[in-house]
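Those sequence lines, one after another, are chains A and B. Heads up, the first sequence is in this note's numbering, so the first residue is 1 and it goes up one at a time. Heads up, the second sequence is in this note's numbering, so the first residue is 1 and it goes up one at a time.
There's no promise every hint is true.
Claimed, not checked - Okay, derived cross-link-like pairs now, EDC-like style, lysine to aspartate or glutamate, Cα gap no bigger than 16 Å in a straight line:
#1 B/K136 to B/E122
#2 B/K136 to B/D91
#3 A/K55 to B/D86
#4 B/K136 to B/D86
#5 B/K136 to B/D81
#6 A/K53 to B/E122
For the record, the hints were derived by calculation from the structure and aren't laboratory data. Only a predicted model underlies this, so the values are computations on that prediction, with no experimental measurement involved.
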Amino acid sequence: MTDPTSATPEGGSVIHDLGYRPYTGPRLGPAAIARALVITGFRNAFGLGRSGKSKVLPFILLALNLMPAVIVGGVMVFVGLDALPIGYAQYASTTQVLLGIFVASQAPVLFSRDLRHGTISLYLARPLPSSTYAIARWASLLGATLVFLLLPILVLYAVALLGELDVSDQTSDAAVAVGLALLLALSLTGLAGLIASWSTRRGFAVVATIALLLIGNGIVTAIQGISQQEGHARVGEVAGLFSPYSLYRGLMSIWTDNKTPTPPTGMPMQLAYVVVFIALSVACLGGLVWRYRRVATA
Amino acid sequence: MRTQGLTKDYGPVLALDSLDLEIGPGITGLVGANGAGKSTLLKILLGLVPATGGRAQVLGHDIASDGPAIRAAVGYLPEHDCLPPDVSASDFVVHMAMMSGLPRVAARERAAEVLRHVGLAEERYRPMGGYSTGMKQKAKLAQALAHDPRLVLLDEPTNGLDPAAREEMLGLVQRIGRDFGIAVIVTSHLLGELERVSDHVVVLDGGRLLRASRTDEFLDATGVLLVEVLGDDAQARMVAALSLAGVTTAPRGAMLTVDAAAGERDVHDLIRDTASDLGLGLVRLQVDHRHIEDVFADGSGAVTQPSADPREVTHD
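My request is simple: use the sequences and hints to build the entire structure.
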């Protein structure tokens with residue numbers, strides 16, 4: 001017979017079946033596995049590593065969300081304004097509908113999909129505990145939401161610096177906006193994730209999340225508007241505690257120059273806004289961990 | 001793998017009833033009707049479902065305290081669908097290998113190799129939503145093997161497959177156990193399948209152990225020959241002649257069963273000579289192969305063949 005390592009006489013190469021080869025390389029610990037899960041989930045949230053169709057919606061939303069910032073950039077460069085026409089923190093409030101749709105549509109990708117297709121049992125049959133799985137999924141969605149929120153801020157900041165605006169002013173404004181964006185992303189991720197983890201149907205999760213975020217915000221905004229006109233600002237301040245978007249606006253009014261109706265007045269109320277914002281996020285994350293612990297033992 | 005008094009009580013249903021079981025290396029078939037406790041046993045062994053009572057060790061790890069260590073060294077093919085439709089088999093197996101702790105580069109190599117072994121060719125780059133049932137089962141098997149486990153738990157791998165795909169899957173199971181050197185526990189409610197591929201067979205019924213032993217003991221331990229003779233009053237004359245020669249013989253239907261284990265002479269020769277002496281036509285002389293089904297028949301206490309070896313009924 002011919003030498004198995006050589007090519008065939010015709011010059012073609014041969015594939016040799018080496019049989020089964022055991023894996024002797026390293027096996028990484030839970031931290032590395034969780035990191036891999038977070039990265040894959042983050043990519044999946046934008047449709048990367050999935051079918052071509054699933055990339056369409058997230059990237060359209062991302063492009064729409066960035067468009068105002070790019071337009072502002074163009075205006076700044078060609079006209080030369082002495083201030084940004086839109087505040088860093090105000091941006092997310094202006095594009096809140098896009099943000100809501102993005103979070104609502106991509107949370108089921110990370111949470112409902114595994115439950116619907118039974119993939120969750122493969123994850124649970126692997127070393128990662130269910131609580132780590134839940135936190136990793138949550139972190140993926142948080143990362144995707146932060147990209148959605150922070151990219152426009154980055155673009156605006158770059159435009160401001162190119163327009164030779166005052167660097168220290170711009171930096172501190174942008175830093176406040178980043179902090180606010182983090183709070184908003186934490187709460188939206190928690191809410192959307194929790195809803196999606198209770199629904200194996202993607203459509204239901206999307207509708208429920210959009211309803212909660214946008215309709216809830218609509219109701220709160222209406223109450224705040226009426227209470228300001230009627231002179232009962234306190235009512236509007238309390239109502240503001242009931243939606244992530246209104247919490248965001250309330251804190252934005254305190255911490256930046258962008259004023260909104262019925263901002264929280266007085267130290268206790270302002271503190272309540274911060275506490276509710278954080279507590280909502282923590283409660284949702286706790287709910288997620290609890291939910292997946294139940295899934296694991298069902 | 002070893003269990004001691006393993007019990008799982010689902011409230012209204014007692015899925016496992018103080019099961020004592022020991023499973024060694026090689027391919028072990030886990031047989032039982034639907035609801036016999038096969039899937040529950042696998043889930044408990046993986047540490048997915050806590051046992052109500054009893055203890056179990058898998059690969060030397062205790063299921064109660066060492067769940068992650070077990071899950072790192074075990075591959076699992078669930079009974080139900082578990083594949084996301086919008087991901088390709090290639091990407092999915094890479095991801096699942098990484099979920100078992102393999103670094104990315106190693107995961108890619110392993111995924112390519114394992115997909116080749118299960119026989120998924122170019123279609124591995126297509127989303128799995130468009131796969132046939134046979135391809136899906138292969139992808140499920142590939143993810144179970146991706147991290148080179150020491151033991152794979154295959155829950156009904158042939159479920160829903162056509163005969164050709166079923167043959168292929170059984171061939172794969174056999175290769176995993178024999179060539180790959182990975183211990184296999186495979187469940188099925190079709191007994192004939194496991195009869196062929198497994199070294200050991202464990203029969204569960206209603207959460208209790210009906211029988212556990214080597215497959216060849218199941219099939220060949222009878223030591224009984226089936227004889228068919230033709231002629232005037234052939235059966236009665238043959239029985240009389242063979243009994244006279246000191247061989248236990250009994251009629252079964254149109255044939256005779258001859259206990260070949262007794263007597264020092266070669267019983268085959270004896271039967272041939274006896275038939276010849278009596279002037280009878282010897283139509284058939286064969287080993288009495290039993291089927292795993294017989295164990296069920298024995299177990300339910302219903303139809304027991306008169307020839308049944310008393311050793312068969314080990315349970316009670």
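Taking the numbered hints from earlier one at a time, note which ones the structure violates and give those numbers from smallest to largest. Hint check: 6 fails alone, others pass.
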